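Colleague: Each chain is listed here by its residues.
Protein chains: 2
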Amino acid sequence: MAIRLDVSNFIARAAGTGPGGGIAAAEFEGAAARFGQAHAALRAQHAAGILGFLDLPANAALLRQVTDFADARGSRYRDVVVLGIGGSALGPIAMRTALRAPGWNALPDGSRDGWPRLHVLDNVDPRTIAALLDTLDLRQALFIVTSKSGGTAETMSQFLVVHEQLARVHGSRMTDHLAFVTDPEKGALRAIARREGIPAFDVPSNVGGRFSVLSPVGTLPAALVGIDVAQLLAGAGDMALRCAGGELRTNPAGVFAVLQWLADTRHGLKVQVLMPYRDALRDMAAWFVQLWAESLGKRRPDGTHVGPTPLPALGATDQHSQVQLFMEGPPDKTVVFLAAGRGEGDVTIPRAYGDIAELAYLGGHTLGELLDAERCATAGALARAGRPNATITLDAIDPWHVGALMMLFEIATIYAGDLYGVNPLDQPGVELGKQFTFAMLGRPGSDAARREWDRMPAPDPRWQL
Amino acid sequence: MAIRLDVSNFIARAAGTGPGGGIAAAEFEGAAARFGQAHAALRAQHAAGILGFLDLPANAALLRQVTDFADARGSRYRDVVVLGIGGSALGPIAMRTALRAPGWNALPDGSRDGWPRLHVLDNVDPRTIAALLDTLDLRQALFIVTSKSGGTAETMSQFLVVHEQLARVHGSRMTDHLAFVTDPEKGALRAIARREGIPAFDVPSNVGGRFSVLSPVGTLPAALVGIDVAQLLAGAGDMALRCAGGELRTNPAGVFAVLQWLADTRHGLKVQVLMPYRDALRDMAAWFVQLWAESLGKRRPDGTHVGPTPLPALGATDQHSQVQLFMEGPPDKTVVFLAAGRGEGDVTIPRAYGDIAELAYLGGHTLGELLDAERCATAGALARAGRPNATITLDAIDPWHVGALMMLFEIATIYAGDLYGVNPLDQPGVELGKQFTFAMLGRPGSDAARREWDRMPAPDPRWQL
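Listed in order, the protein sequences are those of chains E and D. Counting from 100, one number per residue, gives the positions in the first sequence under our numbering. Counting from 100, one number per residue, gives the positions in the second sequence under our numbering.
Among the clues, some could well be false.
No copy is singled out in the list; a pair is fine if it fits within one copy or between any two copies.
The list that follows gives simulated cross-link-like pairs (lysine to aspartate or glutamate, DMTMM-like), each with its CA atoms no further than 20 Å apart [unchecked claim]: (1) Lys533 to Asp546; (2) Lys533 to Glu468; (3) Lys285 to Asp454; (4) Lys533 to Glu443; (5) Lys285 to Asp553; (6) Lys533 to Asp154; (7) Lys533 to Asp553; (8) Lys533 to Glu284; (9) Lys533 to Asp471; (10) Lys285 to Glu295; (11) Lys533 to Asp301; (12) Lys533 to Glu295; (13) Lys533 to Asp401; (14) Lys533 to Glu551; (15) Lys533 to Asp212.
I should point out that these hints are in silico values taken from the structure, not numbers from a laboratory. Remember, predicted model here, so these are calculated numbers, not experimental data.
Modelling step: build the complete structure from the supplied sequences, incorporating the hints.
Modeller: Right, dumping it as structure tokens:
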């Protein structure tokens, strides 16, 4: 059981330079002291009680709360529906894709070993919500309403729609079909849970939304569909331990953060691609995009604007889409591949059409072999073109490795925040849009935003066609 | 029925400037002559028979071939499976998401009006393929093998796996369960179709893979699941007509291409976000990413590397993920929103919890209203921060408007190729990776690639952890 990181193709080598180049070994080594500061800052923040996500792997009480609920009530449900957006949705989606069978929700009822489907409503599109509610049997459905703040507009709207339907079908017994995941003390969801006796799970107050996947935000839906969340936390704990030392060369999160930061700020490699070569890891890229983009894309105190742009991709699929740009477009990108051991269930390509050159060479190989060969070939071709890339390999795609991978990225994000000189835990840039929305919906107290909105220039007919 | 384009927030205005700014009106107007050249080049190429995608809306024979097949055979199938990658997969996926009910493949059999499911196998992950084949009833399945060249490694591998299973179940009657979409003359698929009497549909030889969605590549799977492909082509034809004139101000594809090109090459806005605010249009962004990235990310004859980086997003979901970066990160992005008329099926948010501020203001509004308000708020907030953005609005999400939108982007891509000085129809950058893969799999004739591969530096243990 291990996660390995190979950054050979990220470090400039005689044979591997070109436009964009790579990070010179000396440059990387030279950042060790700076990394030491970032690591010390993380330790100090953790000691001050700020980085609660680091404590989640050891939080046995929170784990027990989740597994007790899943054990006692899980078998009642045929459908589990998460109402949530952003960090509340991306973690559960990534875990479902990684750790449950492909097409989980479309499998016939007998093929999920008795576990329920897991739906994640991550938007307020009326068509999607209506279609889902139309197909559910509400008598066998559990709705998990997830919002750290307890007041997210999209999630509250979904809740109001679902609440009305549950009330109609179940009356006061609707509490059997609802669970909240929210702040232990604050916010609307906590208040409603207290008033109505709805089961509510804690997102510890020092765990922010995009760092919450290992809290009940992720573990409750995961446990309800049969994912071994104890193993998930064990893997995460192992990675936290591996990153406990301040020596750059042996700290995977440190190596990831420092290389990406150097690439962006010193070499102009501002677009940072995460490209899994396994369908199961596809949605891990979307989860990473939120973490990296929302944590680091910031206005600094000095007024400058910083932050890399994460870009999700999927191999081999995107070799037929984005790789042309990665190879020959501007040298402004890094690529990190996610690889995984092949495990069981590989498929041998049958030998047939031996007289047709385009098919003959494929027979006898396996699909897994083809996928891995394509990843190595793409990494090599990028290196050959002087495009820095790295590979993170999971020995297997299981809860332990997925937990470890997520912890690696979370710790790397905190390091990167320090390196960029920004607060990775806030998101002030989305406030104005929220206020404008409140103004348009007439939320009390949004008068200032309304005035600001009314001062905006109107659409200009000269620029409409 | 119309598609509207509002670029007010893309053009620099007194109240809307800031970092990144916007394109000055005079700068845009000044590009009209350059656009005239690009338009003339498109007309000349079309006259020379190169841009076959422009002729697809009027190709009644190709349309009839597809609809005849769908009418005659469609009702036999419970599952239609496309084997394809890149342009062969992204179009069918985008149309299924846009034009069929949400969660189409997970709907119970009675809820699809008798139409089959549509699966698109766009990768060679053995786990995905095995899981799908496990759940299919091969007696009621049709496999569409799509490859313009007829020799794509991933698609041929999928075909060999499926072929063996079909042979086992159906013997020589497997031709009832196969259809090919490929070049009219060349390639392995055409040869096999001739030899074995498998129905084969043409991708006209002057239509490239990523411009093929309106050929049988897209129309055959669409027609088989009940999408009105005649309307799709009618919308596309209408847009082609709208873009037939060389005057920039009235040409939607021209306005899109010129603004993005100016933003990238003169203002450093190199990341170009496409952000639909409808779940149905979500996969349109992935389709656009391939079109824009693979067509424009190129090494030019003078050795420089050019091309914008398209980035897919989804509203309102990504307001809780990437929008922080778009608002406060480096001023290196443009954002184009996709909006759509609300149509039927909007959902009213029930009034409840009137005593709780976070919920009280929502009741009485609709989800569609919330979604539109969030889009307007985000566009306004970006403009307020000096971040250029534009909105493309479809009156409705139906075949006519989807066809028109795809044609708009395809024509814009040809214009942009001329503006950037690259050939938008080739993809030389992926050749090296392909050759390396052939070498690893031992394909005859790949000796030179093998030698090149063997010369590559080995992974360096110093850079592995």
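Colleague: Confirm or reject each hint.
Modeller: These are the hints, each one checked on the structure:
1. Lys533 to Asp546: within (13 Å within a copy, 59 Å between copies)
2. Lys533 to Glu468: between (48 Å within a copy, 14 Å between copies)
3. Lys285 to Asp454: Between copies, since 16 Å is at most 20 Å while 70 Å is not.
4. Lys533 to Glu443: Classified as neither: same-chain Cα gap 47 Å, cross-chain 26 Å, threshold 20 Å.
5. Lys285 to Asp553: For Lys285 and Asp553, the Cα distance exceeds 20 Å both inside one copy (33 Å) and across copies (61 Å).
6. Lys533 to Asp154: Answer is neither: 31 Å inside a copy and 45 Å across each miss the 20 Å cutoff.
7. Lys533 to Asp553: The answer is within: 15 Å in one copy meets 20 Å, while 55 Å across copies does not.
8. Lys533 to Glu284: Result: close neither inside a copy nor across copies, 23 Å intra and 56 Å inter.
9. Lys533 to Asp471: Result: close only across copies, 13 Å inter versus 44 Å intra.
10. Lys285 to Glu295: Classified as within; 16 Å inside a copy, 69 Å across copies.
11. Lys533 to Asp301: neither (25 Å within a copy, 50 Å between copies)
12. Lys533 to Glu295: neither (29 Å within a copy, 60 Å between copies)
13. Lys533 to Asp401: neither (25 Å within a copy, 46 Å between copies)
14. Lys533 to Glu551: within (13 Å within a copy, 54 Å between copies)
15. Lys533 to Asp212: For Lys533 and Asp212, the Cα distance exceeds 20 Å both inside one copy (42 Å) and across copies (40 Å).
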